[in-house]
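Following the hints, position chains B, C, D and E with the ligands against chain A.
As a plain string of letters, each chain reads:
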Amino acid sequence: AAGEEKVLTIGVDQEAVGLDPHIVTSFSSHRRVDLLYNKLVRHDENLKIVPDLAESWEIPDNQTYIFNLRKGVKFHDGTEMTAKDVEFSLNRVLDPKTASPGRSYISTIKSIEVLGTYKVKVVLSAPLASFLEGLASNNCAIVSKAAVEKYGNLQKVAVGTGAFMLKEWIPDNSMTLVKNPEYFEKGLPYLDKIIFRVIPEQASLLAGIKAGTLDMAQINDASTVLLAKRDTSIAVMQKPGINVRTFGFNTTRKPFDDVRVRQALSLAIDRNEIVTVAEFGMAQPTGPIPAGATQWALPLNKLPNFTPDYAKAKALLAEAGFPNGFTFKIVTANSFEGGLSVAQVVQNQLKKIGVNAELEVVEWGMYIDRWVKRDFDSMVELRGGSGEPDRFLYRTIHSTGGVNNFLFKDADVDRLLDKGRVLTSYAERKPVYDELQIVLAQKAPIIFLYCPFETHVMTKQVKGFKQVGYGSLYYLIQTQK
Amino acid sequence: MSRLLKNPIALVGLIIILLYVLITAVSQFWLPFDPLQMDVAHIMEPPSFKTGHLFGTDEFGRDILTRIMKGAGVSLLIAISATLIGATIGTFMGVWAGFLGGAWDHWIMRLADVLFSFPSLLLAIFVMAILGEKTYNVIIAISIVYIPQFARVSRGAVLAIKNNEFVRAAFSSGADRRFVLSRHLLPNIMMPVIVQSSLSLSVAILLESALSFLGLGVQPPNPSWGNMLSGARKVMLLAPWTALYPGLAIMGLVLGFNLLGDGLRDILDPRLRNIK
Amino acid sequence: MNSANTTPQPLLEVKNLKVYFPIEKGIIVRKRIGWLKAVDDVSFAVNEGEAVGLVGESGCGKSTTALAIAHLQKITDGHILFEGRDLSAMPAGKLYAERRNFQMVFQDPYSSLDPRMTAFDTIAEPLRIQVRRGTMALSEAEIRDKVLDLMDKAGLSRTFSNRYPHEFSGGQRQRIGIARALALSPKLVIADEPVSALDVSIQSQILNLMKDLQNELGLTYLFIAHNLAVVEYFCRRIVVMYLGTIAEIAPSEMLYSEPLHPYTQALLSAVPIPDPPRERQRSRILLKGDVPSPSAERQGCPFKERCASAMAICATQRPDLLEARPGHQVACHLYGQKGNTDGNHH
Amino acid sequence: MFDKKETVLSVRNLGTRFMTSSGTVKAVDGVSFDVHKGEIFGIVGESGSGKSVTNLSILRLIPSPPGKIVEGQIILKGKNLLEANENELQMIRGGNVSMIFQDPMTSLNPLLKVSVQIAEVLELHHGLSRKEAEKKVVELLKAVGIPDAERRAQEYPHQFSGGMRQRVMIAMAIGCNPDVLIADEPTTALDVTIQAQILDLIRRLSDSRTMSVILITHDLGVVAGMCDTVAVMYAGRIVEQSAVDPLFREPRHPYTQGLLASVPRLDSAWSERLYSIPGAPPNLADLPAGCAFAPRCAYALPVCRNAYPPLTEMDDGQGGKRLVRCWLHTSENSGEQQ
Amino acid sequence: MGRYIFRRLISLIPVLLGVSIIVFFLVRLIPGSALQMYLGTQVEATPEQMEELRRIFGEDRPVPVLYVEWLGRLLQGDLGYSLRTGREVLPDILQRLPLSMELTFYALFLSLIIGIPLGILSALKHDPATDVAIRITGLLGLSLPQFWLASLMVIAFSGFRGWIPMGNYIGFLKSPLENLRMLFLPSLAIGIGLAAVIMRYTRNSMLEVMQMDYIRTAQAKGLAKRVVIVRHALRNAILPVITVAGFNTGYLLGGAIVIEEVFALPGMGRLALYAIYQRDYSLIQGIVLIIATMFVLVNLITDLIYAAVDPRIRLDTKEG
Ligand SMILES: Nc1ncnc2c1ncn2[C@@H]1O[C@H](COP(=O)(O)OP(=O)(O)OP(=O)(O)O)[C@@H](O)[C@H]1O
Ligand SMILES: Nc1ncnc2c1ncn2[C@@H]1O[C@H](COP(=O)(O)OP(=O)(O)OP(=O)(O)O)[C@@H](O)[C@H]1O
Ligand SMILES: [Mg+2]
Ligand SMILES: [Mg+2]
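Residue numbers (my numbering), protein chains in the order written: chain A, 1 to 481; chain B, 482 to 757; chain C, 758 to 1103; chain D, 1104 to 1441; chain E, 1442 to 1761.
Chain A with its partners taken away, still in its complex shape:
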């Protein structure tokens, strides 16, 4: 009814570490930033880049981007957002002292030029196809120059352009956001108030929604989701996320330096079974590009070595000199990211081709240590993915990639990645990445398994929310209750 305050209470399992969009890394912080700040461009629900603070943009050559800003956008403190703030924000991200994780996304920026109050030109030192993707990151949000100068950093305050404003923050308990009446999209948001409640346990989040003390929560734990699905009084919203569960090899170690061995292993993996057992069916098998990025990802039946074929796998093994299989170790950890269940299923599946996988279940800190030191035969991971193939695959699998801890080096792959990076139009890039996906499936340095669903559970009254694929709460702007 009109006049009544519309409050949405959302349960989160972790407290925000801070609110400065350029600094934060934690998932929980990003979820607040989603609502408090805007970027030049953003993702829509299909992970496509769409305008946000930039009304439009031009790409005269593959190293130059010119943004036309929205007019009349106000920061929460009432000042207007201008090209100066954009320049300041990007420079702040680039400044090593800020230690922004966003820096690596846009480090190719050579210069930023304010062309007018509402126009900015950015020149890159090298072509980077995923540049816009980088700008769509919360870490490249536009902040108020004045506010930064006033507060030093923005960890505890929020002076953004977002649809909601920070009202109250009681650490480890709750955070209250209220509607920004000056929000630039007229009529939005519908909600008057959003309250974040920190409830660490997944089961309690569900309990809260059942009890009506919460309106909505993101739930990662598959069994809890399963329970939620049984309850007809609540709504469960699911969609493949952009994170990718992988089973990767240290390709410098024997026998994984032999592509036939990797292919054989890939042929022995049944992704559907893994999804059924380890994720209770709540994930989507994927290839090298997260299945949710529909504009890029190839269907799995187009990818070689993705359909189990044990005879062929055994033949490949024999060819590689392991007619009786071999023994190796899978590093895994007893946490969601560590994928213990997945490792157990993989171990079980590999028995079919006579390969004996031993699990090295290590504690999370040790797991990271092994990851950093690249000390593993193979490892089950949950990789932070991206809807943008350059962003995800370049760092993951290019021989110079920052997180290529598979130590994979392949001329074809490098060539394709480099090629995809300098092109700017979708039409030009698409065939390159199609080929890359097939090459990667062929060479199998990593066995891409599945993308876990992103799941939001909510009461039936909550309407209009859309999932993006990485947990973003952006669409709360359009949500009604």
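You may find that some hints are simply not true.
To be verified - Taking lysine-lysine pairs in the DSS-like style, the calculated list, with each CA pair at most 30 Å apart, reads:
#	chain 1	residue 1	chain 2	residue 2
1	B	K715	A	K352
2	A	K329	B	K715
3	A	K443	A	K48
4	B	K615	A	K254
By construction, these hints were calculated from the structure, which means they are not laboratory data.
Here is chains B, C, D and E with the ligands on its own, set in the frame of chain A:
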């Protein structure tokens, strides 16, 4: 031994323990199912005679009864080895401290005090984090928890015996400390140490399962009762039997050791013994 | 200066023995805040073949003295000469061999036997220890013969060999303790209240046994008891202790017929005699108060608070142990200290 | 001489057993005796002969299980205590009959002030208020010779020495002017000089209050000095009972004789050997058929091993009676032979 | 008394110092480092950033130096900053402390009110069958794995609102009743084991006390059975039990770790666990130190209770 058999509590405890030992022995040769083999078609099936899964199946479709049987050996191995190691080192320390007295005593017991003020589970977690999750590290972690406990018990026992006149008699016949230690003190503190051991065995089972429950103990897919429960946690509300039976298995064995320990304590209690 | 006894060299000589226990306090660093003077300047001698009694109330330092003599207790000061040699100066490695010369019999027949050792093993233990140390060369068979012989001597049936202490009565245990003490054929046997824990009828068995053994083996005894009657029966000479010091030393008949020290007098009168008419007629000297704590700092005569004949000097000056008459020493100001040896107040 | 006096407490054919894992222990078996007004009645005997159990049975303080009074009567002022109900018993305990125990170090509750522990009895039996009782406590403490009684009353047991604690126990026991004080080895744990003090105190209190005392001890010297009448116990039975002088002068039962002969005496001349009774005390769970002392007795007759001797009454040579349980004396005196 | 407390407090210092040393070095023995954990698997850092981070994370100095630095700050009441969240450690811990203390306190309370009466009953019951039954029940309580019991509780009570906390913790001050109801099951899960221990000790202690001479004295005075038990036996019997209870708070605090995990309670045990996983050194050190302090303080309190009840201890203090 005959006194042990006359004590109903100890006897029941002993029978329970022997039962578990028997199960462990059987599990070496025969198991109803393969404890590691997953069966995707039969995930989380409730207990049933028809399917042969008497205790149901877990989230990977593995037979729970089989895994419990397989886990019995691990639990027994860990409990027994950890207690043995902890008892040996702790008793040595305690005897050393109690016998030598003075500064040795002071510092050894201070160290024990310090270790004591760590909650035992936390201490075990620390050790596991340092050593890494290996079955033998679980043994080490638990024995480290036990060292101060045994040190205390044995020190107390030594102090009680040290001033007995037979110790003086041995010295006055020309015995040296080593002789007195090995001939008089050690044999005489064995009983309290044994009682403590049987109670420690029970706590070791609980500690192992708590560690595995927290993901720091025995590594999956090898079954231990603790990691079975840990795995069951995710699906507990969907399939309660996955949590029920491993827990009952733990409880049974722990109860066995507790009964034995309590019974032994009775047997050793001079109040109950001296009635002629 | 020599007494009636004509033995030239005493077997055991205790000279100015002091055993102090530190009273400590402190948490991290222990500090000594005082001394408990369990034995404070005690001197006496035991001649070969003699049985000397040591009596006194509980806590007066009898056991501590005994342990010091057996070299089982570190001494604070003084000398203990065995056959004229001061063993306390001896390195530990050599002392082991000397130990066979003096052995102890303990008070408590329960705690003095290891509950996990058979009677045979208990008695054989001293022999085995000495064999291990190489001070004796005996085969296991010889040890066996010797132990069985000792069991015979101690009045224990040979069939008891394999029994454990809990299967024996108190008297039998004490016999085992005596057999053990005799295993090394000691010259001196220190018996610390060997019969206090026993019933009267058993007590006499043990006393007789010890006496027979003395006659048979020519043993020398230092016999400790709190029961004057027992000591008087068993010993030819008696040392009376009070609060860590010696009050009086005298041959037993002399001590009984003519005690000099007021404490000895009170002690004697307090011992009940199993003869109703005599007991009823006896005039009792009832002492005031309790035995003071040995940990308190003290001055003057240790007995001054309870003494009916205390004088001014008693409060300030500690009396020396002086010979009041031949063979009879007393530490009391009543008996004219310094030179006035024949002052007799009776 | 005490025959003329009135009997305060009469124990008739008392039998107390303990059911233990190794059989039934006949701790007290057919014990009878009378305690007269103002008399000190001694019970001697070796450890385990049933002295304590006899006296605990009088107040029905035997721990049960395993103990049980199986037969007999205990008559106090014409009433059989074994038939008394719990309330009556409570009024008698500490009121008409009170007890003190062997070890003064453990007989007092360490957590309660001395005054409270004594006052408790007075409040219970005399219905005094706490205040009145406390006043009386100080008087009592003075009566038992505790100096500075007002202050000491407010202290805790551990602040007292052993002798003092025994005095406190005595003060507690005489608080209600009991008819009978049972003192179970009251001085065994004390030094000789302290023992003399305590015995002297008991003697004086008994005289001044005409209170009967049952004095349990294993020290024959104590009996000699303190008691009017004495009973000698062996293996749960009274084997000889008599006025004190005749018993010591001329013990009749071989056990009594042996006991007396085996004690070293200060007054006797230095002798080479003491007498000693051969053998060891019997196991009460497995008593021989006949006289329990027979296996150790030098005069044992064949009959001694088969049948338990009846009680023989004889003259004590000073106008009183004495009782002996021994076949030697039955055959001599009444010719009653089987 | 004041001096006694003071002396006891002083005596805690070496123990806590020992704890601090052990925990400080122990956490650094755990493979992997806080910095790695901070970077995780996703973040890339430039060399100069790494340099800076290394300095912030203290990886450029030897551990003993770090210890001395830390100790110095500790003495000023500064437990340092969490490397993970960048926040001060102390407020974070203090925020979790009430829950942990409530949990421990309720568990202790429950175990005492369950354990002591049962123990007394078991000791006073002459009927051996009842005694054995009570004892076996007690041992059963001791044999229940806490986390399992807690899990069963979650299953059984998941339908009842307010009994299973599952994350949302309501402070005692905010709503005592809610707080009690919510923490009842978790406390019970932790306390049942201790209740069994307490029961056993009470039984033994009671049996022992009932054999003491002063009980016989009290009976001989004519006191009614009830009075003998309550006034003379109980007090003496419970004294050692109090000490045992204090000594077992370590067990409770340890139990809290798994129970907090199962019931998803934001307590210190759980914080400790995650701090270990995350290699959040200052946080672990702070928590362990505070847990150890709690442990020794509880033991101090039990000793004080003991001293308050037992006059023999009081004398010691006068002398000391
Ligand atoms: N190891 C020790 N440490 C401290 N004090 C001691 C030690 N041994 C004995 N004492 C003290 O020394 C004093 C003398 O003790 P000792 O045992 O020699 O007495 P005792 O005459 O043998 O007494 P009892 O007749 O009771 O056996 C006592 O006050 C005792 O408390
Ligand atoms: N609670 C009990 N349970 C079993 N047997 C008992 C118990 N109390 C006493 N007895 C047995 O009863 C017998 C008599 O014991 P009692 O205490 O009367 O002896 P006593 O003459 O007082 O000896 P002591 O001089 O040692 O005090 C002993 O054999 C003893 O073992
Ligand atoms: Mg002594
Ligand atoms: Mg007795």
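Against the structure, the hints:
| no. | hint | in the structure |
| --- | --- | --- |
| 1 | K715/B - K352/A | holds (27 Å) |
| 2 | K329/A - K715/B | holds (25 Å) |
| 3 | K443/A - K48/A | holds (29 Å) |
| 4 | K615/B - K254/A | holds (24 Å) |
Of the numbered hints stated above, none is contradicted by the structure.
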